[in-house]
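Using the working numbering, read the sequence shown as starting at 21 and increasing by one per residue.
Don't read these hints as lab results, they were simulated from the structure.
Some hints here could point you the wrong way.
Label pairs and their computed distance ranges (CB to CB) [stated by the list, open to error]: (1) Gln35 / Gly120: 17 to 25 Å; (2) Gly132 / Gly225: 38 to 46 Å; (3) Gly225 / Thr113: 35 to 43 Å.
Keeping only pairs whose Cα atoms sit at most 25 Å apart, straight-line, the calculated SDA-like set for lysine to any residue is [claimed, not checked]: (4) Lys26 / Arg42; (5) Lys22 / Glu63; (6) Lys26 / Asp180; (7) Lys149 / Val174; (8) Lys26 / Val174; (9) Lys22 / Gly171; (10) Lys149 / Leu182; (11) Lys149 / Ser181; (12) Lys149 / Gly171; (13) Lys26 / His40; (14) Lys22 / Pro76; (15) Lys149 / Ile177; (16) Lys26 / Val57; (17) Lys149 / Pro106; (18) Lys149 / Arg232; (19) Lys26 / Glu67; (20) Lys149 / Tyr107; (21) Lys149 / Arg102; (22) Lys26 / Arg52; (23) Lys149 / Glu97; (24) Lys22 / Asp178; (25) Lys149 / Val170; (26) Lys22 / Phe66; (27) Lys149 / Arg124; (28) Lys26 / Arg232; (29) Lys26 / Ala100; (30) Lys149 / His272; (31) Lys22 / Arg72; (32) Lys22 / His73; (33) Lys26 / Ile44; (34) Lys26 / Gln58; (35) Lys149 / Asp178.
Glycine included, every Cβ here is placed at the ideal spot set by N, Cα and C.
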Amino acid sequence: MKTFTKTYLSSQAQQQSLAHHRWIARANPDVRIPRIVQVRPTETDFEHLEGRHGGPDDLVALANLLGHQHTAAHTRELHAARLDTPYTHDTITITGFADGRRERLHQLLASGTVPEPAMTPEAADDWLKRAATMPAAFYKDANPRNFLIVGADVAVIDFDSLTLAPFGYDLAKLVVSTTMTTGPLPEDTIRQAVDTYNHHPRRHGLPGCSWREFAAWCEFHHILTTPYLGTNGYRFSWHTTRPSWTTDVLRHLDKESAP
Numbered sequence: 021m022k023t024f025t026k027t028y029l030s031s032q033a034q035q036q037s038l039a040h041h042r043w044i045a046r047a048n049p050d051v052r053i054p055r056i057v058q059v060r061p062t063e064t065d066f067e068h069l070e071g072r073h074g075g076p077d078d079l080v081a082l083a084n085l086l087g088h089q090h091t092a093a094h095t096r097e098l099h100a101a102r103l104d105t106p107y108t109h110d111t112i113t114i115t116g117f118a119d120g121r122r123e124r125l126h127q128l129l130a131s132g133t134v135p136e137p138a139m140t141p142e143a144a145d146d147w148l149k150r151a152a153t154m155p156a157a158f159y160k161d162a163n164p165r166n167f168l169i170v171g172a173d174v175a176v177i178d179f180d181s182l183t184l185a186p187f188g189y190d191l192a193k194l195v196v197s198t199t200m201t202t203g204p205l206p207e208d209t210i211r212q213a214v215d216t217y218n219h220h221p222r223r224h225g226l227p228g229c230s231w232r233e234f235a236a237w238c239e240f241h242h243i244l245t246t247p248y249l250g251t252n253g254y255r256f257s258w259h260t261t262r263p264s265w266t267t268d269v270l271r272h273l274d275k276e277s278a279p
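Modelling step: build the complete structure from the supplied sequences, incorporating the hints.
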């Protein structure tokens with residue numbers, strides 16, 4: 021069998037990735053992921069899947085997969101999870117949404133390196149507080165390179181990152197990272213992707229991701245992904261490609277919240 025070897029910086033990072041792989045397989049048993057073939061110290065051999073990475077034309081299909089994944093994970097496992105508390109099940113602990121994010125958001129915003137942020141540190145804190153009461157889904161770094169289009173199927177790859185997150189947060193990462201890779205996306209495509217994603221949670225009586233929430237999560241990813249601009253294929257900054265309605269929504273909310 022042809023394999024792909026992933027090398028890790030430490031055995032701890034490897035064990036974490038293996039735990040994430042096991043959890044994804046359990047929470048989403050009908051989603052295709054590469055099988056683990058062999059494990060060695062700091063190296064894992066995965067089943068090699070022939071395919072191509074996702075791109076702009078795949079955005080709606082990938083949004084559909086994410087909506088299914090997040091809804092299935094919530095109904096099977098995460099319905100009792102709180103986003104402000106780590107979730108532990110068997111041998112895995114999935115960190116809470118604010119854990120590490122708040123500090124990093126504040127650090128980057130204070131550095132002055134984020135171009136034209138549409139969010140203040142105070143607004144970021146407010147959104148983290150709002151998220152604490154939202155239904156739990158997960159974040160697995162849904163950039164287009166972490167999907168493989170294999171014939172008519174979509175496979176999910178790379179299991180290094182996994183945290184709790186509100187519905188729509190990983191979809192926002194997909195939209196922002198795709199835009200940063202290939203340039204502006206048609207607004208109709210983004211809207212179709214969000215509507216397609218929301219079809220899954222709303223079928224199960226869950227609120228999904230509102231437009232305001234989606235705009236906020238996109239801004240989170242703009243802040244957090246800016247340090248990688250110019251690397252990993254990121255050629256465009258979100259501040260030059262973001263749809264104008266996302267900042268309009270956030271500004272309108274700020275005005276409503278003002279004393």
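Taking the hints in turn, this is what the structure says about them:
1. Gln35 / Gly120: 17 to 25 Å: Given a distance of about 19 Å, which is inside 17 to 25 Å, the answer is holds.
2. Gly132 / Gly225: 38 to 46 Å: Given about 44 Å between the Cβ atoms, the range holds.
3. Gly225 / Thr113: 35 to 43 Å: Given a distance of about 28 Å, which is not inside 35 to 43 Å, the answer is violated.
4. Lys26 / Arg42: holds, 16 Å
5. Lys22 / Glu63: At roughly 16 Å apart (the allowed maximum being 25 Å), Glu63 and Lys22 satisfy the hint.
6. Lys26 / Asp180: Between Lys26 and Asp180 the Cα gap is close to 10 Å, so the pair holds against 25 Å.
7. Lys149 / Val174: Since the Cα atoms of Lys149 and Val174 sit roughly 34 Å apart, the hinted pair is violated (cutoff 25 Å).
8. Lys26 / Val174: holds, 20 Å
9. Lys22 / Gly171: holds, 18 Å
10. Lys149 / Leu182: holds, 20 Å
11. Lys149 / Ser181: holds, 22 Å
12. Lys149 / Gly171: With Cα atoms ~42 Å apart, Lys149 and Gly171 exceed 25 Å; violated.
13. Lys26 / His40: holds, 14 Å
14. Lys22 / Pro76: The given pair, whose Cα atoms are some 29 Å apart, is violated under the 25 Å limit.
15. Lys149 / Ile177: violated, 31 Å
16. Lys26 / Val57: holds, 11 Å
17. Lys149 / Pro106: holds, 15 Å
18. Lys149 / Arg232: holds, 15 Å
19. Lys26 / Glu67: Distance ~11 Å between Lys26 and Glu67 Cα, so the pair holds.
20. Lys149 / Tyr107: holds, 18 Å
21. Lys149 / Arg102: Roughly 12 Å separates the two Cα atoms, so the pair holds.
22. Lys26 / Arg52: Given pair Lys26, Arg52 holds - Cα atoms ~18 Å apart, limit 25 Å.
23. Lys149 / Glu97: With Cα atoms ~22 Å apart, Lys149 and Glu97 stay inside 25 Å; holds.
24. Lys22 / Asp178: holds, 17 Å
25. Lys149 / Val170: violated, 39 Å
26. Lys22 / Phe66: holds, 9 Å
27. Lys149 / Arg124: This hinted pair holds, its Cα atoms lying about 16 Å apart.
28. Lys26 / Arg232: Status violated; Cα separation ~38 Å.
29. Lys26 / Ala100: With Cα atoms ~33 Å apart, Lys26 and Ala100 exceed 25 Å; violated.
30. Lys149 / His272: holds, 19 Å
31. Lys22 / Arg72: Distance of about 16 Å is within 25 Å: holds.
32. Lys22 / His73: Holds, at roughly 18 Å.
33. Lys26 / Ile44: holds, 18 Å
34. Lys26 / Gln58: Given pair Lys26, Gln58 holds - Cα atoms ~11 Å apart, limit 25 Å.
35. Lys149 / Asp178: violated, 29 Å
The structure fails to meet hints 3, 7, 12, 14, 15, 25, 28, 29, 35 from the earlier list, while all remaining hints are met.
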